[in-house]
Amino acid sequence: MPLEDLSHNFLTGRLEDLVRWARRASVWPATFGLACCAIEMMATGGADFDISRYGMEVFRNSPRQADLMIVAGRVSQKMAPVLRNVYDQMMEPKWVISMGVCASTGGMFNNYAIVQGVDQIVPVDVYAPGCPPSPETLMHAILTLHEQIRTGELLRRREAAPEPQPAAESPWTPELGSTVRLGTPT
Amino acid sequence: MDARARVHRAARDAHVTIEASPTTIGLGGETVRFVGRDAYRSTVAALREEGYELCVDVCGVDYLGHPGRDLPEGVTAERFEVVVNLLSLSQKARTRIRVQVPEHDCRVDSLFELYPGAEAMEREAYDLLGIEFVGHPDLSRILMPEDWEGHPLRKDYGVGRVPVQFKEAPGPR
Amino acid sequence: MTTGVRDSSAVRRVPSEEPLTALTSEGSQELLRRRDTPPAQLGRESGAVLRLPEGPVLDPGAIDVERPEDETMIINMGPQHPSTHGVLRLMLELDGEFVLRTKPVIGYLHTGMEKTAEELTYVQGATNVTRMDYLSPITNELCFSMAVESLLGVEVPERAVWIRMLMSELNRMSSHLMWMATNGLDIGSTTMMIYGLREREMILAFYEKTAGLRMNLNYVRPGGVAADLPDGWQDDVEVICDTIDARTYEYDDLLTGQPIFHERMEGVGGLTAEEALALGVTGPLLRSTGVPWDLRRSMPYLRYDEVAFDVIVGTYGDNFDRYAIRLNEIRESVRIVRQVVRRMPPGDYRAQDAKVTPPPRGRIDASMEALIHHFKLFTEGFRVPVGETYTAVESPRGELGMYLVSDGSAKPFRLHVRGPSFVNLQAVPLLMRGGLVSDTVTVISTVDPVMGEVDR
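Residue numbers (this note's numbering), protein chains in the order written: chain A, 222 to 407; chain B, 43 to 215; chain C, 122 to 577.
In isolation and in its complexed conformation, chain A is listed as follows (with noise of 0.2 Å):
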């Protein structure tokens, strides 16, 4: 039974505690790898940094085996319909990081190529900045991911969230008005 189905008493409280052990500690990413980041992503991986000693070593090819998905590297406007696929073939739960600042915000390439910020696409739960992020701090944004999953906020995020409000008047007005959308945030 997902936990978003338990009402929280103090029967089930040790249950959940346990069920989200069981989900951070085997977190498995999926293979997204773009570009330069997708390198420090498998420097993580090896014997320096060894992102196994978090049961994370199991980079699953796919999808619908997989946990989270560490976008690294930048999104291009032919590759956004593809990681939206890739990201609606996982199965809840399902966590994204977003690594390095192309996939946080489009990073350096603020033109026509790129989406800018894969947030626009799949919503983020951690954002890893760098450029290339070094394997320590993608590893910090994963021990960030693992402390949320321990206290359940993301949880509770998901289920208190509010339905996505039309933007409201802001005293700031873009000169020009087109900024990328494709497909709605859920």
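Just so you know, these hints were derived from the structure itself, not from any lab. A portion of the hints provided could be inaccurate.
To be verified - Some chain B residues near chain A, calculated using beta-carbon distances under 8 Å:
no., residue
1, Gly116
2, Pro187
3, Pro194
4, Arg203
Said to hold, decoys possible - Here are the simulated distance ranges between beta carbons:
no., chain 1, residue 1, chain 2, residue 2, range
5, B, Pro64, C, Gln355, 30 to 36 Å
6, C, Gly388, A, Asn306, 54 to 60 Å
7, C, Glu395, A, Leu364, 53 to 59 Å
8, A, Arg285, C, Asp374, 37 to 43 Å
9, A, Leu364, C, Glu218, 17 to 23 Å
10, B, Gln133, C, Pro466, 30 to 36 Å
11, C, Lys497, B, Glu120, 31 to 37 Å
12, C, Glu218, A, Ala243, 38 to 44 Å
13, B, Pro64, C, Glu501, 31 to 37 Å
14, C, Glu490, B, Pro64, 40 to 46 Å
The C-beta atom is built at its ideal place from N, Cα and C for all residues, glycine as well.
Chain A is already provided as a structure; the job is to place chains B and C on it using the hints.
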């Protein structure tokens, strides 16, 4: 007459054109030839016969807004240029051919029959600049998505910059 | 020239109910059915290279594609795939396990770097270019800096040239080690992956000590290099050389003599010299066919004519030859690095031309001129005279070339990068023809494409 013989004949006839086309010397010591669109394919064929076995690069340049390039006498400047770099392994030499391509009739011959390796490079020039290569087996977009409109590397196509607002900054950059 | 206003019709606006399958299909860029493909293109996808001048006369029925069309299957491999070395999408027409036709679909990492290069100054240019071939960033920066310096006419001091050679060869070693790691992983040998990454970390630690970054260094800039080598660098580099040299023999034990490795690599993905030259292929792919072409030997740049090294050449043009070439190139790079360590001259690490090189940070407080120079260089940049040039270097993947057109301003007018992987990928249909599906993985691996420079 089969293709091989046609190439030989074109090369023989082109030797006249090669001597006549204006040339300069590039920064690396290579000969840079300026040829017209009609002599383009035969010049490249002749150079291939002379020993330039490898077609290193075929690219396009959009000169809209350039203050003034120094072209030799007899070459009329057009908006686009197709630049071909060839390499001779036997002579350890490079050479360059520059063809002026007008904006209203943006077509040039394809080098696919001479150098099959030019196929992907010509597709890229078509995709990003809109220069058509006549005789190319499959002239479709290669880097941009299929339904993209416009040719991004042209000078009148904006960079597509999204304005970024920084906290407490007076306005978008 | 309009300012950076993007034509809004060019943005892919997608209503949320449109199915994703329609979005991910790329129309005529994909592998189409045989009856929808023109004959010359059909020949290319089947791997026919030298028959191509007879393209228009080619009868589709004459291509010896053994199976009739309704008994084969067109499948899609990628762009998200464990062994396509980045986001390469391969469409294959299969007869059971045998590959009949192939078409690589690229563009999934297109970053608009050539357009971005026109917006950045020459000082900033190296940051953009270094992210193209992200496994050998120094090579990209070197090619860009050499192109700019040839247009500027500025001379780089001797020490800077030797530092560039040192970093270049270390980069070649780290790129080939990464190749050995990923090749091992593709074959199934995860030990090789760990070994390759372990050795590469030593080189990356040296990079971090010198340039501040492990990857995408922005170290080689027009005029020289960004910073001098740290104290004690000779010892660090000697340790790297000794360790890696010894470990290449471990790789021999692990892979070269192993029968399974031979079965998977020998005789697979063969290429002849004629076909390679017709396709414009360079680098280890060309050298595996027997053509001894290496830009460092045949058209030397930097000081490669003053160091002794061998050019490794293969015989059969198959996967095993390319593996052997890259393994031995690691050893040759170690040899070059040892000579560079012994012969490194003292001196400046950047050209002392005030128009190109920023002044040392300490002088900015003391001298008004230094402050003004610094300001001008980092806001406006230096101007390069009108001209055009093509510069090429030997990257671990082949000939990396840059065609730079300048209009006299502080930003390039046009920067076109000839990426070796972009051209080498055209050999993939030829190499895969008639092989098994599992051979496609090893073929892509030994062609060693880096999608950053394929798509730019």
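These are the hints, each one checked on the structure:
Given the 8 Å rule on beta carbons, the hint for Gly116 of chain B is violated: about 38 Å separates it from the nearest Cβ of chain A. The criterion of a C-beta within 8 Å of any C-beta in chain A is met by Pro187 of chain B, whose closest approach is roughly 5 Å, and the hint holds. Proximity of Pro194 of chain B to chain A holds as hinted, the smallest CB-CB distance being about 6 Å (cut-off 8 Å). Hint on Arg203 of chain B holds. Least Cβ distance to chain A is approximately 5 Å, under the 8 Å limit.
Between Pro64 of chain B and Gln355 of chain C the C-beta distance comes to about 52 Å, which lies outside the given range of 30 to 36 Å. The hinted window of 54 to 60 Å between Gly388 of chain C and Asn306 of chain A is violated, with their beta carbons roughly 37 Å apart. Distance hint for Glu395 of chain C and Leu364 of chain A: a CB-CB separation of about 55 Å, consistent with the stated range 53 to 59 Å. A hinted range of 37 to 43 Å for the beta carbons of Arg285 of chain A and Asp374 of chain C is consistent with their spacing of about 38 Å.
For Leu364 of chain A and Glu218 of chain C, the Cβ-Cβ distance of about 44 Å falls outside the hinted range of 17 to 23 Å, so the restraint is violated. Evaluation of the 30 to 36 Å hint for Gln133 of chain B and Pro466 of chain C yields a pass: the beta carbon distance comes to about 33 Å. A beta carbon spacing of about 35 Å between Lys497 of chain C and Glu120 of chain B agrees with the range 31 to 37 Å that was offered as a hint. Taken as a hint, the range 38 to 44 Å holds for the pair Glu218 of chain C and Ala243 of chain A, whose Cβ atoms sit roughly 39 Å apart.
The hinted window of 31 to 37 Å between Pro64 of chain B and Glu501 of chain C holds, with their beta carbons roughly 35 Å apart. Separated by about 44 Å at the C-beta atoms, Glu490 of chain C and Pro64 of chain B satisfy the suggested range of 40 to 46 Å.
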